[in-house]
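Peer 1: Those sequence lines, one after another, are chains C, L, H and W.
The first sequence lines up with residues 0 to 344 when you count with numbering that gives the first Met the number 0.
The second sequence lines up with residues 0 to 344 when you count with numbering that gives the first Met the number 0.
The third sequence lines up with residues 0 to 344 when you count with numbering that gives the first Met the number 0.
The fourth sequence lines up with residues 0 to 344 when you count with numbering that gives the first Met the number 0.
Certain hints may be false.
Identical chains blur together in the list; that is why a pair holds if it fits in one copy or across any two.
Unchecked claim - Mimicking DSBU-like on lysine-lysine, the simulated pairs with C-alpha atoms at most 35 Å apart in a straight line are:
id, residue 1, residue 2
1, Lys276, Lys188
2, Lys170, Lys65
3, Lys81, Lys267
4, Lys170, Lys39
5, Lys302, Lys188
6, Lys39, Lys276
7, Lys204, Lys276
8, Lys34, Lys81
No wet-lab data here; the hints were simulated from the structure.
Protein chains: 4
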Amino acid sequence: MIRAGVLGATGYAGIETVRILSSHPMAKITYAASKTYANKKISDVYPNLRGVCDIVLSDVDIQKIKESCDVVFTALPHGASKEVIPSLYNAGVKIIDLSGDFRYNDQKVYEKWYGTPHDCPQLLKKSVYGLCELHRNEIKNAQIIGNPGCYTTCSIMALAPLLAHRIVNTKNIIIDAKSGVTGAGRQSKLEYNFCECTENMHAYKIATHRHTSEIEQELSLIAGEEILVSFTPHLVPLKRGILATSYANLNGDYTDEDIYKIFAEFYKNEYFVRILKDALPETNHVAGSNFIEIGFKVDARLKRVVISSAIDNLFKGAAGQAVQNMNIMFSLDENCGIANGGIYL
Amino acid sequence: MIRAGVLGATGYAGIETVRILSSHPMAKITYAASKTYANKKISDVYPNLRGVCDIVLSDVDIQKIKESCDVVFTALPHGASKEVIPSLYNAGVKIIDLSGDFRYNDQKVYEKWYGTPHDCPQLLKKSVYGLCELHRNEIKNAQIIGNPGCYTTCSIMALAPLLAHRIVNTKNIIIDAKSGVTGAGRQSKLEYNFCECTENMHAYKIATHRHTSEIEQELSLIAGEEILVSFTPHLVPLKRGILATSYANLNGDYTDEDIYKIFAEFYKNEYFVRILKDALPETNHVAGSNFIEIGFKVDARLKRVVISSAIDNLFKGAAGQAVQNMNIMFSLDENCGIANGGIYL
Amino acid sequence: MIRAGVLGATGYAGIETVRILSSHPMAKITYAASKTYANKKISDVYPNLRGVCDIVLSDVDIQKIKESCDVVFTALPHGASKEVIPSLYNAGVKIIDLSGDFRYNDQKVYEKWYGTPHDCPQLLKKSVYGLCELHRNEIKNAQIIGNPGCYTTCSIMALAPLLAHRIVNTKNIIIDAKSGVTGAGRQSKLEYNFCECTENMHAYKIATHRHTSEIEQELSLIAGEEILVSFTPHLVPLKRGILATSYANLNGDYTDEDIYKIFAEFYKNEYFVRILKDALPETNHVAGSNFIEIGFKVDARLKRVVISSAIDNLFKGAAGQAVQNMNIMFSLDENCGIANGGIYL
Amino acid sequence: MIRAGVLGATGYAGIETVRILSSHPMAKITYAASKTYANKKISDVYPNLRGVCDIVLSDVDIQKIKESCDVVFTALPHGASKEVIPSLYNAGVKIIDLSGDFRYNDQKVYEKWYGTPHDCPQLLKKSVYGLCELHRNEIKNAQIIGNPGCYTTCSIMALAPLLAHRIVNTKNIIIDAKSGVTGAGRQSKLEYNFCECTENMHAYKIATHRHTSEIEQELSLIAGEEILVSFTPHLVPLKRGILATSYANLNGDYTDEDIYKIFAEFYKNEYFVRILKDALPETNHVAGSNFIEIGFKVDARLKRVVISSAIDNLFKGAAGQAVQNMNIMFSLDENCGIANGGIYL
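Isolated chain C (complex conformation) (with noise of 0.2 Å):
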C-alpha cells in the first residue's frame, strides 16, 4: 500500500483527495494535516466521512510525515509550501502540489501573473506539469508534480489536439470558462453566500486570472511558438462543474468529421478522456469522476470551430488528477481507485 499524506487536507481540494484515497484500493492516508482543525478528526470537520476516514488531524510535522509517507499532496496555503516542500523533497518524498506554485516552466511567467517571489526556484526546475494526459512520460519519472488547476485542464485538452496538428489559427483563441462554486474554495466570504450566489450568476478577473498564463504555456508547447488566449472565467450556481467554451479560426476548411478525427486519434488511449460526436458535453456527465467530455461544432460559414469541454473541477480539475498522478509515479493502472463514472444525479 503506498502510504499517502495530505497537507491542508480540509479545504474543498484537500478533502476531495482524503474522500477519494479513502476508496483507493492500494493507497492509505497515513497522515492528514490542517491547521485550523489540528487535533480534531477529519470526519469531526466532514462527517460524511465518519465511521470511513476518522484519521486525527496534525499541525505540518515534517519528520513525521517523513516517516510515514511515500507520496504527499500539498493543498496548502501560499507561503506555508515554501517551508515543508523543500524538505520533503530532500527527504525522497514524492510531492503532488495542488497550488499554482509547480506548474510554472519560466520562474518569471509565475512571478509576474503571481505577483510575487518564487519560493523554490530551484525545484520549480525539477518539478513535472502534470496533465497526465500530456506529460504522463515526465510524470512517471518525477519526484515533484505541480497538479494543473481545474480551468486549465479543462482548456488545455479542448485546444491541444488542433494547435498540435495546426488546424487552427493561433491567434484570435478564446476560451470563455463556467465554474461552479467550489471552485473558490472553503470561503467565507459574504459573496459565496448561498443567498448571493444561488439564482446568479458573472464573470470575474476579466484578462487578468492566473490560469491565463499556465493554459498558454501548455498551448505554446505543443503548438511550438507562443500562444496568447483570451480567458474569461465565469461564476455560475452549482457546486462541481467547468464548462470552457473555446473559439478558434481554423487554417482551412475542416469538416466536424475531420475535427473528430483529430480528436479520437489525440486520445485514442485515453480512458479519462470522451470525444463527443454529434453531441456537446454536460457537466453532470463528468460530475462526481475523473472523466473529461470534449465536444465542438465547425461554424463553416465563419471558418471557426467551437470547441465545448467539461469537467469535474474538484476531481479531473484538482484531486481526481493528483491521484492519477500518483497512480502514474507508482506505476499502477492509471485508473486506479478513479475509473468510476459520475455521479449525475
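Since chain C is already given, all that's left is putting chains L, H and W on it; use the hints.
Peer 2: What follows is chains L, H and W alone, placed relative to chain C:
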C-alpha cells in the same frame, strides 16, 4: 387606461406580461387567451396571481379582441400567429409580438434561419424591431412591433456603442451567452426536469441558434456593413438571467476609460441602462427588473475588449421590454409600471 | 407622502423594506442608516437599486431621524435598539421594529427565551404585536409595533382559526417549519456558503428556537388558555419561502369541508390570505409577495388535521408585513404598495 | 463474481443500481433491460457511464435473464412485474424488487393503500422486507426481497429503537419528511420542470402517501402493537436526500443522554448507522452514500422527543440498500462495494 390583451398568456413570457401589466398604473388586462387553459381562471394556472388577476382565459376570438383591446401582446406558437395578427392589424389594434416572426427586415433571413416560409410578409415590412433604446422613434409610430429576443437584447446592447463608433474590428466578434432555464419556456420535456438541470450546464445549438441572425441584422445596421458573429448559447441552472460575454478586437489603443466614456455617452439618457465602472454585471442585480447592466475590460495585451452584459431574460428580454414598447407607443413615461429595481434576493 | 426611515438598511430585512418602499406610491425613504456602509450609496451595496434608490447611507443620527421621518423601520442588531428607539418614541416618531424586542406581552417570556434583560421594558408595554390580520385595531392606534417573526406569522395564521373555534385539542400541537436561507440574514459564515447549503437540508434549534415563545403567546391569547407547541425549524436550499406544516388533534369528527368553512370565514375579508381547497400551498406562489397560502387535510383515520401554510419570509414574514403595518397606522389602504402577486418564476 | 441483472435500468433507481454495481468488486452486470431504450447502450442514455458501463439494454427476456443472472434487481413499472418475477423466482434466481409490491406482510394492506389487487400473493408470502438493519437474518435466506421505500427507511430507523424499548407513547407519532426531487423518479411532467421546482417547496399527499402503511407495518412489528402514524411528505429543491423529522411523546423523564444510549446500543454494530450526539443530521453528510444519520433532542418542557434522520433517497433509500441486501444474500461483507462516505460537495 390602456386596454391590453395577452394571447398565449400562460406561457412563461405570456404570464410575465400579465404579471407586469397587473400592477401597471395606466394599463388594464381586458383579454387573456390560452388554448390549453381556456375557460379557466388565469390564477388557477398561476396561483401567485390569485386575488390579483383572476381574469378567465378565453380561446382566441378575433372579434372580441378587437372590441376589447387597444393593444395586444402575442406570445403564440408559430402558425397561430398568421390567422390572428393580420386580422387584428387591419382592425387597427396595436400589436406587440413576442415571437421571432416580426423581428426581421429581410424576409429571406427569417426564412433561412427559421426554415419556414414567412406567414405575413406584407406585415413584416411594416413591423418595427422593438429594441427600445435603439429604435425608439420608429416604435412611437409603429402599429406592429417585433419584440426582440432575450439573447439578442443582451448582446446587441453590449456591442452597439463600440460598433457605432468603429472602436472594434467587425471581424472576430464572439458572443458567449448563458441563460437561465425560463428561457426554454414552459415545457415538460425530460431535459428540463429539475434533476437534469440543477448542478448541470452545457452549450447548445452552437453556430445555429436563430438569435444569431437577429444579432447580425442589428449590429450590421449600426456598423453600416455586414457583420457576422459567433454566438454560443448555454443553459445554466438558474431561473431568470442572461449573461453575455462578448469579445471584439480593438481598432486602436483604447483604455478602459475610453470605453467607459463611449458607453456612458451612448446610453446617457437611458433609464434602464447601467454602465459599470471597475465592476462587472451580475444577473441578480437585474433579475425581476427591466434593467441591463453592462461592464467591460480592455485586455491591452491582446488589444481586445471583453464586454459583459446582464439582463433578466423574461423581463428586459421579453415581457418587460414589451411593456416598455407599449409605453412608447402610447406616449407614456417609458418606465411607467416597470421602473422597479431587481428583486436581488 | 409618508416620510420613512430605515435603520439597518443593508441587512436582508432592511433592504427588502427599502425595496418595497421604493415603489410605494404614498411613502418616500428620507433616511437610511447602516453602520457598516455609512456614507456609501445604498445602491453601491445593492446594485439592483441603482437608479431606483440611490440614497446615501447615514450613521444613526437621532436628531436627523426625528426631523426627517414620520415612521422608522428598525432592523438593528440587539443593543443598538435601546439607544435609538426610546428617543425616537419620545419624539413622537412611529416605530416599526423588525427585531424580536417588541413582540412580547410579558417581559419575562422575552428574557427567558432571549437570555438577556429587556432594554426598554416600559416601551414593551406600549408596543403592539404587528400581526396585521389578528391585531389590526390595536395597530391603528399604536406608536410602536413589534413586527412579527417569519416563522411565527406563518405558524400562527395557520392555527388561529382552529383554536379560536376550539376545533382542535390544545395539546400535541406540532409545527414543523422549513425556511429558505435568507431567513438567516446577511451573513458570511461558512455554514451559509453556497457549497454547504445547496443540495443540503437540516433541522436546527429543536425545542429551543425563540419563535416558539412568540407562537405560544399568540396562540394562547386566541385559545384563551396556555398553549405550548413543538416547533422545529429547518434550513432548505432556496432563498425566499417558509413552509409550515402544523399538526393538531381534532376535537370532533370534522371534515375537510368543515375546516375549509372555518378558515374561509375567519379570513373572509383579508386581501393577503388565500385559503386553498383541495390543493396545498407552494412557496413559489407567494415568493415576492405579501400573501399567505393556507391549505389543510383532515386525516379521519387519526382524527387529526394537518395544516400547510406558506409565506415569503422576507415579505409577509418581515418587510412586507412591516409596510402593511405602516399602511394601517397611516390609514392607507392596507395593500397600498404591496398588492402585487408573487413573482412565481 | 455475482452475475447481476437490472430490469428498469434507466429509471433513477435503476441507473443508481447500475452505477453502484459498476464499481462493485464482487458483482458484474450481465443483463440490463429498459423498455424505452432497448437496443441502445446504457451509456447513450446516461453518458456519465460511457467507458465505465456500456452494456446494451435489452427488452425483458426471461430465458436470457435466467441464464445470465444470479440475482436480478427489478425496478419495473407496475404490471410488468407480475409477468417477470414469478418466472424468475421459479427458476431460482434471487430477486431484489425496488417497487412496493413485495414489502407487505398483509396482502390487504397493500391492496388498500395501492388501490389494486396484488399480482402475486403467493410470492408476497415468501418475500422478506429488506430493511437490512432490522431483518438481516431473514434476508440471508430469502430468495425474494421487497426493498424498502426511501421515506420508510429513513422513518423506521429513526423510531425503531424508541419503540422497541417502549420509551415513547405509541399514539401521536408524527413523521414530517422532506425529499429531494429524484424521489419522484425520471419524469417529464411540468411539475418537475426546473423552473417549477427550484426555489419552491410544498407538502403533498398528506395523510394518503403509500409509505405510511409500510412505516406502520414495521413500527407495529417492533412495538408489538398496532401503530398508526401521521406521515407528511414534502418536495424540496435538491436532488438527493431525505430528511425525516419525527415526533413522539415520551413515556417518562428521559434525557438526551438516555436517548443517546438507546440509539447507540440498538445500532452498535451497524456500519451504515451514525448516531449523532449534540448535533443534527444534514443530508449532504449522507448524499452519495449508504449511511443514515440519526440525531434527536428531548423537549423536556413537553415531554417529547424529536428525532431527525437523513439518508440519500437513491442510495440507502433505494439502490444502495438493494446492493446491501445482495451482499447479505450472497454472504459478502455487508458494506462491500458501498462502504464509501458521502460525496459532501
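Peer 1: Go through the numbered hints given earlier and state which of them the structure violates, listing their numbers in rising order.
Peer 2: 2, 3, 4
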